[in-house]
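Top to bottom, those sequences are chains A and B. Heads up, the first sequence is in the working numbering, so the first residue is 1 and it goes up one at a time. Heads up, the second sequence is in the working numbering, so the first residue is 1 and it goes up one at a time.
Since the hints were made in silico from the structure, they are not lab data. The C-beta atom is built at its ideal place from N, Cα and C for all residues, glycine as well. You may find that some hints are simply not true.
Derived coverage of chain B by chain A (criterion: at least 3 residues anywhere in the stretch with Cβ under 8 angstroms from a Cβ of chain A; other residues may be distant) [said to hold, decoys possible]:
#, segment
1, 42-49
2, 97-110
3, 264-272
4, 315-321
5, 343-350
Heads up, incomplete: computed chain A residues facing chain B, CB under 8 angstroms, no partners named [what the hints assert, rightly or not]:
#, residue
6, V33
7, D34
8, S219
9, V269
10, L292
11, V295
12, E299
13, R319
14, L327
15, A336
16, L337
17, L340
18, A346
There are 2 protein chains.
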Amino acid sequence: MLPLSRAGDGGAPALVALFTSTSAVCVTGLAVVDTPTYWSGFGQAVILGLIQVGGFGIMTLASLLGLLVSRRMGLRTRLTAAAETKSIGIGDVRAVLLGVAKVSLLFESVTAVGLTLRFLLGYDEPFGRAAYLGLFHAVSAFNNAGFALYTDNLMGFVTDPWICLPIAFAVIVGGLGFPVLFELRRHLARPDRWSLHTRLTVWTSAALLLLGTLFVSWSEWTNPGTLGPLDTPGRLLAGFFQSVMPRTAGFNSLDYGAMNSGTLLGTNVLMFIGGGSAGTAGGIKVTTFVLLFFVIIAEVRGEPTVHAFDRRIGDRVQRQALTVALLSVGAIVSAALLLLEITDFATDRILFEVVSAFATVGLSTGITADLPGSGQLVLVFLMFLGRLGPITLVSALALRERQRLYQLPEGRPLIG
Amino acid sequence: MLPLSRAGDGGAPALVALFTSTSAVCVTGLAVVDTPTYWSGFGQAVILGLIQVGGFGIMTLASLLGLLVSRRMGLRTRLTAAAETKSIGIGDVRAVLLGVAKVSLLFESVTAVGLTLRFLLGYDEPFGRAAYLGLFHAVSAFNNAGFALYTDNLMGFVTDPWICLPIAFAVIVGGLGFPVLFELRRHLARPDRWSLHTRLTVWTSAALLLLGTLFVSWSEWTNPGTLGPLDTPGRLLAGFFQSVMPRTAGFNSLDYGAMNSGTLLGTNVLMFIGGGSAGTAGGIKVTTFVLLFFVIIAEVRGEPTVHAFDRRIGDRVQRQALTVALLSVGAIVSAALLLLEITDFATDRILFEVVSAFATVGLSTGITADLPGSGQLVLVFLMFLGRLGPITLVSALALRERQRLYQLPEGRPLIG
Ligand SMILES: [K+]
Ligand SMILES: [K+]
Numbered sequence: 001m002l003p004l005s006r007a008g009d010g011g012a013p014a015l016v017a018l019f020t021s022t023s024a025v026c027v028t029g030l031a032v033v034d035t036p037t038y039w040s041g042f043g044q045a046v047i048l049g050l051i052q053v054g055g056f057g058i059m060t061l062a063s064l065l066g067l068l069v070s071r072r073m074g075l076r077t078r079l080t081a082a083a084e085t086k087s088i089g090i091g092d093v094r095a096v097l098l099g100v101a102k103v104s105l106l107f108e109s110v111t112a113v114g115l116t117l118r119f120l121l122g123y124d125e126p127f128g129r130a131a132y133l134g135l136f137h138a139v140s141a142f143n144n145a146g147f148a149l150y151t152d153n154l155m156g157f158v159t160d161p162w163i164c165l166p167i168a169f170a171v172i173v174g175g176l177g178f179p180v181l182f183e184l185r186r187h188l189a190r191p192d193r194w195s196l197h198t199r200l201t202v203w204t205s206a207a208l209l210l211l212g213t214l215f216v217s218w219s220e221w222t223n224p225g226t227l228g229p230l231d232t233p234g235r236l237l238a239g240f241f242q243s244v245m246p247r248t249a250g251f252n253s254l255d256y257g258a259m260n261s262g263t264l265l266g267t268n269v270l271m272f273i274g275g276g277s278a279g280t281a282g283g284i285k286v287t288t289f290v291l292l293f294f295v296i297i298a299e300v301r302g303e304p305t306v307h308a309f310d311r312r313i314g315d316r317v318q319r320q321a322l323t324v325a326l327l328s329v330g331a332i333v334s335a336a337l338l339l340l341e342i343t344d345f346a347t348d349r350i351l352f353e354v355v356s357a358f359a360t361v362g363l364s365t366g367i368t369a370d371l372p373g374s375g376q377l378v379l380v381f382l383m384f385l386g387r388l389g390p391i392t393l394v395s396a397l398a399l400r401e402r403q404r405l406y407q408l409p410e411g412r413p414l415i416g
Numbered sequence: 001m002l003p004l005s006r007a008g009d010g011g012a013p014a015l016v017a018l019f020t021s022t023s024a025v026c027v028t029g030l031a032v033v034d035t036p037t038y039w040s041g042f043g044q045a046v047i048l049g050l051i052q053v054g055g056f057g058i059m060t061l062a063s064l065l066g067l068l069v070s071r072r073m074g075l076r077t078r079l080t081a082a083a084e085t086k087s088i089g090i091g092d093v094r095a096v097l098l099g100v101a102k103v104s105l106l107f108e109s110v111t112a113v114g115l116t117l118r119f120l121l122g123y124d125e126p127f128g129r130a131a132y133l134g135l136f137h138a139v140s141a142f143n144n145a146g147f148a149l150y151t152d153n154l155m156g157f158v159t160d161p162w163i164c165l166p167i168a169f170a171v172i173v174g175g176l177g178f179p180v181l182f183e184l185r186r187h188l189a190r191p192d193r194w195s196l197h198t199r200l201t202v203w204t205s206a207a208l209l210l211l212g213t214l215f216v217s218w219s220e221w222t223n224p225g226t227l228g229p230l231d232t233p234g235r236l237l238a239g240f241f242q243s244v245m246p247r248t249a250g251f252n253s254l255d256y257g258a259m260n261s262g263t264l265l266g267t268n269v270l271m272f273i274g275g276g277s278a279g280t281a282g283g284i285k286v287t288t289f290v291l292l293f294f295v296i297i298a299e300v301r302g303e304p305t306v307h308a309f310d311r312r313i314g315d316r317v318q319r320q321a322l323t324v325a326l327l328s329v330g331a332i333v334s335a336a337l338l339l340l341e342i343t344d345f346a347t348d349r350i351l352f353e354v355v356s357a358f359a360t361v362g363l364s365t366g367i368t369a370d371l372p373g374s375g376q377l378v379l380v381f382l383m384f385l386g387r388l389g390p391i392t393l394v395s396a397l398a399l400r401e402r403q404r405l406y407q408l409p410e411g412r413p414l415i416g
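Based on the sequences and whatever the hints tell you, model everything.
The structure is reproduced here in structure tokens:
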């Protein structure tokens with residue numbers, strides 16, 4: 001980044017610039033420097049631009065790949081009204097680009113207006129500053145980036161529902177993914193007409209939000225460093241906020257450095273699962289997670305095929321979900337091993353940082369800036385891998401499905 | 001356990017007795033008290049008996065269940081020469097019981113003789129004591145129990161290959177599982193005639209031993225608390241020993257309390273994988289692990305069916321492997337969360353303890369005895385679950401396979 005971007009004298013070192021731009025363009029939100037004080041207004045605008053470009057890019061790319069996969073599978077797609085073909089044409093691209101732009105603009109504007117009003121009326125910010133704060137945090141929220149213009153992120157607003165709830169709303173909507181939003185726009189009130197993908201995404205997200213809120217609130221209820229000093233509504237608000245954010249926005253209204261190890265481990269699970277496909281969320285995605293859950297259910301019931309919401313789940317899709325989940329575990333464990341060998345931080349913090357980077361969440365117990373350069377490079381690599389890996393992997397897998405022309409005899413090793 | 005079992009006055013408290021007997025009969029090896037000083041000779045003999053009964057029981061039970069599953073699947077089984085039927089008769093039971101007894105007796109005797117000679121000649125123990133030490137550690141090794149008659153387990157013998165290698169040998173053989181041993185007895189020198197199960201087990205075990213040795217040696221090479229003070233052959237011997245033991249014997253010649261967090265995490269992976277099916281090993285088993293690996297390979301190559309060593313792997317077996325692996329992860333994460341909430345130990349130690357208990361390994365960073373009673377009960381439950389869960393789950397799944405008489409339309413959610 002240019003010297004212009006820095007608040008003080010001179011330019012940012014290459015690693016700081018690399019880390020920050022990766023974090024912004026992958027909409028992760030991990031930071032090695034303090035966003036409000038280290039970067040100038042211009043630098044912050046660049047970060048905001050990278051977030052918007054990154055979020056827009058990942059949403060359109062993933063939606064187009066999803067469309068291509070659906071077409072190739074011969075399934076009816078509801079994303080566009082174009083005729084059934086096995087490829088996607090310029091019309092599809094235009095429809096997706098316009099659709100994503102519209103939906104982003106709509107939700108970012110609504111959130112920005114809400115936040116601006118609150119900054120204006122509740123915190124006596126001058127109008128220009130309030131509008132800037134509103135816009136920055138709305139874009140950062142809808143794109144699940146998690147960058148904030150406060151040194152302590154959003155900890156100053158822990159009990160303010162007028163800040164927390166609009167941001168949580170934008171995060172949840174952005175994290176559902178474009179295909180779901182596209183469908184909900186037409187059939188919001190008619191759940192019986194939702195596609196399997198939308199049903200899986202919406203109901204799993206709802207269940208994870210509820211369970212997450214209960215878990216975080218319960219686990220931190222009396223922790224003097226986090227929920228302890230708050231009153232009951234404040235604790236519930238913060239518990240809700242910190243169950244929304246691991247999937248995968250990464251804002252924090254509580255201090256993760258002061259959290260129980262148990263909460264960190266539970267949050268790792270939420271971060272690993274992530275949000276909806278073809279949106280700005282990271283992680284293995286809720287559909288991947290819940291499909292594996294349905295596979296287990298079917299297996300435990302002894303059923304020969306896997307069903308979810310009255311639809312059969314093909315063997316290939318099951319294996320793709322398995323592949324995404326296990327390769328993600330492999331990447332996380334490998335990166336954690338590497339960081340444990342090159343630093344002296346405790347396992348809970350390293351694991352949290354690694355999952356946060358891979359799932360492009362951006363929550364941190366505060367060790368990001370203290371990692372050695374090599375450790376920061378591991379995180380940079382992990383952010384790219386987590387952002388692009390699952391999407392490209394699944395698309396590649398789905399598009400490469402081939403027939404085998406011969407059958408080998410079946411073997412049946414003992415397992416378990 | 002009876003007062004007679006204790007070395008000092010009075011009987012052991014109920015929880016100590018429960019924990020120790022569970023640990024012995026599940027051949028885990030975790031201990032809340034110091035085996036050589038807390039228990040009398042009689043108590044130690046009871047532990048040895050429980051180990052032998054537990055190891056024999058799990059080997060025969062798992063072999064019979066495996067036989068039943070193979071029969072029901074209509075696959076030719078090489079375990080017994082009985083005619084093809086879909087059930088198992090008294091002849092099969094007798095053959096398995098006798099076979100397991102023979103193989104146990106054979107390998108335990110050989111190991112016991114080797115160890116006795118070493119204790120006699122190398123450590124000037126009187127004959128009776130040397131024979132007792134030899135027998136105890138041979139039985140404990142072949143049954144993958146990991147109980148030792150030294151307060152520091154086998155740390156005193158860290159550079160003695162005449163103790164470490166026979167024990168490692170017995171552990172590896174016992175951990176392959178009865179079906180593999182049965183087959184190797186007939187076709188040891190003819191790998192081309194091995195069944196798929198034997199190939200998967202032998203080659204995966206060999207690969208894990210090699211990688212484990214390299215990893216542990218590399219990760220601990222200069223650690224002053226573990227490999228640092230040793231010379232190079234000693235370091236390699238200890239590295240090899242501590243790559244054998246996580247899968248799943250649980251002896252230790254190094255101090256796990258002094259190990260790097262990175263080694264602990266890597267050891268968690270080895271413990272989780274465990275040893276061969278239908279043996280005394282725990283974990284999800286090498287076949288389960290490597291099948292998932294082959295699924296990923298097939299998926300990444302875009303192949304419609306999964307192959308391993310020229311055999312096709314059926315969809316049901318894939319799903320069973322997936323079910324075992326994911327439910328195991330679920331059990332481990334849940335137990336770790338619970339222990340993190342009720343104790344103040346660090347995540348790396350809790351995770352290590354939980355994986356060790358679930359995979360019936362018995363390695364510990366030393367926190368077992370310091371856990372509160374509720375925490376020890378969690379481990380007791382986990383040892384039972386890890387010992388019996390995967391075997392019974394897989395058998396139940398395999399035997400309950402049903403046909404579905406109707407087909408629902410296929411749905412294809414986006415994943416990743
Ligand atoms: K984020
Ligand atoms: K053991």
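Against the structure, the hints come out as follows:
Using a Cβ-Cβ cut-off of 8 angstroms, 0 residues of the segment 42-49 of chain B lie near chain A, which falls short of the minimum of three, so the contact claim is violated. Here's how the segment 97-110 of chain B fares: 0 of its residues keep a CB closer than 8 angstroms to some CB of chain A, so the rule of at least three is not met and the hint is violated. For the segment 264-272 of chain B, the stated coverage by chain A is satisfied: 4 residues place a CB nearer than 8 angstroms to a CB of that chain, which reaches the threshold of 3. With 7 residues bearing a CB less than 8 angstroms from a CB of chain A, the segment 315-321 of chain B meets the requirement of three and the coverage assertion stands.
Remark: the segment 343-350 of chain B is confirmed as covered by chain A, as 4 of its residues place a Cβ nearer than 8 angstroms to a Cβ of that chain, reaching the required three. Look at V33/A: its Cβ only gets to about 27 angstroms from chain B, farther than 8 angstroms, so that hint breaks. Interface hint status for D34/A: violated, as the beta-carbon distance to the closest one in chain B is roughly 27 angstroms, over 8 angstroms. A distance limit of 8 angstroms between C-beta atoms decides the matter here; for S219/A the minimum to chain B is near 7 angstroms, and the interface restraint holds.
The closest approach between the C-beta of V269/A and any C-beta of chain B is roughly 7 angstroms, which is under the 8 angstroms cut-off, so the hint is satisfied. Restraint check, L292/A versus chain B: the minimum CB separation of about 6 angstroms is within 8 angstroms; hint holds. Below 8 angstroms, beta-carbon pairs count as interface contacts, and V295/A has one with chain B at about 6 angstroms; its hint therefore holds. The restraint placing E299/A at the interface with chain B holds, with a minimum CB-CB distance near 4 angstroms, inside the 8 angstroms limit.
Nearest Cβ of chain B to the Cβ of R319/A: about 5 angstroms, under the 8 angstroms cut. The hint holds. The criterion of a C-beta within 8 angstroms of any C-beta in chain B is met by L327/A, whose closest approach is roughly 7 angstroms, and the hint holds. Nearest Cβ of chain B to the Cβ of A336/A: about 6 angstroms, under the 8 angstroms cut. The hint holds. Hint on L337/A holds. Least Cβ distance to chain B is approximately 5 angstroms, under the 8 angstroms limit.
Annotation: interface hint on L340/A holds; nearest CB of chain B at approximately 4 angstroms, less than 8 angstroms. Interface restraint check for A346/A: the shortest CB-CB distance to chain B comes to about 6 angstroms, inside 8 angstroms, so the restraint holds.
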